[in-house]
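Undergrad: These protein sequence lines map, in sequence, to chains A and B.
In this text, residue positions in the first sequence follow my numbering: the first is 1077, and each later residue adds one.
In this text, residue positions in the second sequence follow my numbering: the first is 1077, and each later residue adds one.
In case anyone wonders, no lab produced these hints; they're calculated from the structure.
Note that beta-carbon positions come from the ideal geometry of N, C-alpha and C, so glycine has one too.
Heads up, none of these hints are tricks.
Estimated spans, in silico, between C-beta atoms of each pair: (1) B/A1182 - A/G1203: 49 to 59 Å; (2) B/E1339 - A/T1181: 32 to 42 Å; (3) B/R1418 - A/A1161: 33 to 43 Å; (4) A/G1203 - B/D1177: 50 to 60 Å; (5) B/A1314 - A/G1336: 38 to 48 Å; (6) A/A1235 - B/A1314: 25 to 35 Å.
Residues on chain B that point at chain A, a partial pick, calculated with CB under 8 Å: (7) D1249; (8) D1251; (9) D1257; (10) A1283; (11) S1284; (12) A1295.
There are 2 protein chains.
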Amino acid sequence: MVEFMTGTTPRPPGARRTAATARQAGAVPVESLPRPVGTDRLDGPESAVTDVEGVSDGQDAAGILEQARRSFDPELRSAVASLPASMRRVARYHFGWEGADGTPTAGHAGKAIRPALVLTAAAALGGPRARAAAARAAAAVELVHNFTLLHDDVMDRDATRRHRPTVWSVFGDADAILAGDALQALALRMLAEDPHPAARAVAVRLASCVVELCAGQHADTALERRPPDQVALCEVLAMAEAKTGALIGCACAAGALYAGAGEDEVEALDAFGRQAGLAFQLIDDVIGIWGDPRRTGKPAGADLAARKKSLPVVAALTSGTPAAEELAELYARPHQEGEEERAALVVERAGGRDWAQSQAADRMARAVHELSRAVPDPAAAGGLLALAEFVTRRSS
Amino acid sequence: MVEFMTGTTPRPPGARRTAATARQAGAVPVESLPRPVGTDRLDGPESAVTDVEGVSDGQDAAGILEQARRSFDPELRSAVASLPASMRRVARYHFGWEGADGTPTAGHAGKAIRPALVLTAAAALGGPRARAAAARAAAAVELVHNFTLLHDDVMDRDATRRHRPTVWSVFGDADAILAGDALQALALRMLAEDPHPAARAVAVRLASCVVELCAGQHADTALERRPPDQVALCEVLAMAEAKTGALIGCACAAGALYAGAGEDEVEALDAFGRQAGLAFQLIDDVIGIWGDPRRTGKPAGADLAARKKSLPVVAALTSGTPAAEELAELYARPHQEGEEERAALVVERAGGRDWAQSQAADRMARAVHELSRAVPDPAAAGGLLALAEFVTRRSS
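Looking at chain A on its own, in the form it has when it is part of the complex:
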């Protein structure tokens, strides 16, 4: 699954916009939507971020994330500390708390957007008390996210995660699989141990979400193996929703459940998270093609060179345009050095870039609409909107 940007990003002054303004303007914060030119890949290096726009309601996404970290981090660390030494070592490395040799490190890996969404959703619907009660659930969601990262990296043979060698590449496949298994178990144990009346429903939801994440990862690997002309756009969208949207939706729904919200609100917050997650994935795919390598930390057009069937690519391939045929021919043969620029141009001419951007705008609009259903008070919704915009923001 996709990882959000790492490191702490101080929000620059100015450029604020309230949630209320956003919704009054027609529920689509289009002006704050990402534009791919010069954007930083969302999981790119911290230093790439020079400007953040669209933070809502006086609530600062970086501040929310920092505050969230203070709430769930003790729960997360104590769960990991309960592991037997062999698993603990691997988990602590994965979370960025230790080096491969066990030396403590100052930082932590990942932005931890998902636990922040749990806490912010709980606060939006239930105030500070619900937020405090949801700390364990927030840690459980983060454990599940990290279990899937550990396993996905094994399957995808990804060598780097959060700018560090992946667990399997340091400790071997077996330890990466076992540590992932243990983190899933820890997550569901935390919820089983939580006496809060919402914990059971959240456990059911989180376990169902794991199944959906697995199906999404399965679809991803299956789609990547299929010939490009046998991949439908709706399939890639469904895959992205299962692989990226589901857990973001589940995080928001979990927060709502800890706030004692009704079924409609819970489902609306789930839909909010899913749509925001899809918007994020669309933008991430756009950046994977047109992102500035100085900001993304990856060579330009890396996804095209790898013949990745990302959302803009499949939109282009299925566009029925002459450029689609050209792209199909290009994807049918192995990548040749130096052709990235031409490939990117072909995807753009076939409408892949425009489609992805307007889809992202559409998904964000739907997300904001769902949010307004669940949390009508703009002030209360501000934190969630700030986080959603944070993960789909541009920095040009």
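Based on these hints, arrange chain B on the given structure of chain A.
TA: For chain B alone, coordinates are given in the frame of chain A:
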């Protein structure tokens, strides 16, 4: 993790012994303890079993297993049916319900000892009502067991499981990892959905057990990589308890919890399962060296040829005898064809075989003692004793 024998084993008439007799005889049913000569490997072919001894209290292990299957199978199948198509297919193949091409098969894979232990423990302490209530928990335990099998086979590169190609060898590593992940999630979801007051405590226990199983599998792979002279016997015993004993103990404890048993009884049943599981592992290791290939379906001395650091081998290596030195030299170089018999003799001369047999007897004695603490009524304890003897029985 080790899989118990597959297929249905009709119990021959005669040779019965009651639980009461067993305990009266000093809590050690030594006469029913396995002797390695000519024993069948417990996960060996069904046809290997020609004689079963030591079934207790008029309760027939095969009958108990069959009856258990009728109780938990609907829950298991409905959980698997709830999976998305991609995961369902892999799971149904793994459980032996379908061929690799999706063709339904008549059978099912594995003896399903663990869910039978859940149900039999519930019945022993809470009667038929507790047994009926524990059906979901029994299915959850079986799901966890099978999730670990799926993942272990990937890590160990085992090509065969229950006489069929393993999932990773048919569907690839990714699907085996994902299906395992999904089965763990299903197991813990079933318990979260179970309104029974014991479900929460069982979920905590089962999740903790998963962590222990992971640590056990980690220890196993780590021990196999270490030089033979750097492996202590207590380490291998601890590994076997984590890898094999923990889930068998957890199954028994889960049944006790569904019967509303007190903490002492729950812990005693956990200890019963752990000790019986260790006895099973010791016997399985003995059979791995001295088992009759016509019965085990594996070449004689296969574990020695693979330089496996099984319990009798490590006992021999650490015996301080001259034969230990001979064995160490043998293990220091690659296996040569035809030397299995000599190697087996060296392990035996170093006392590895005697040690493993007396350890197994000791563990069964402890198991029976723990059982009598938890279930003082011999009639009520009969089913659990029959199952424990079934998994550690001899057939010579």
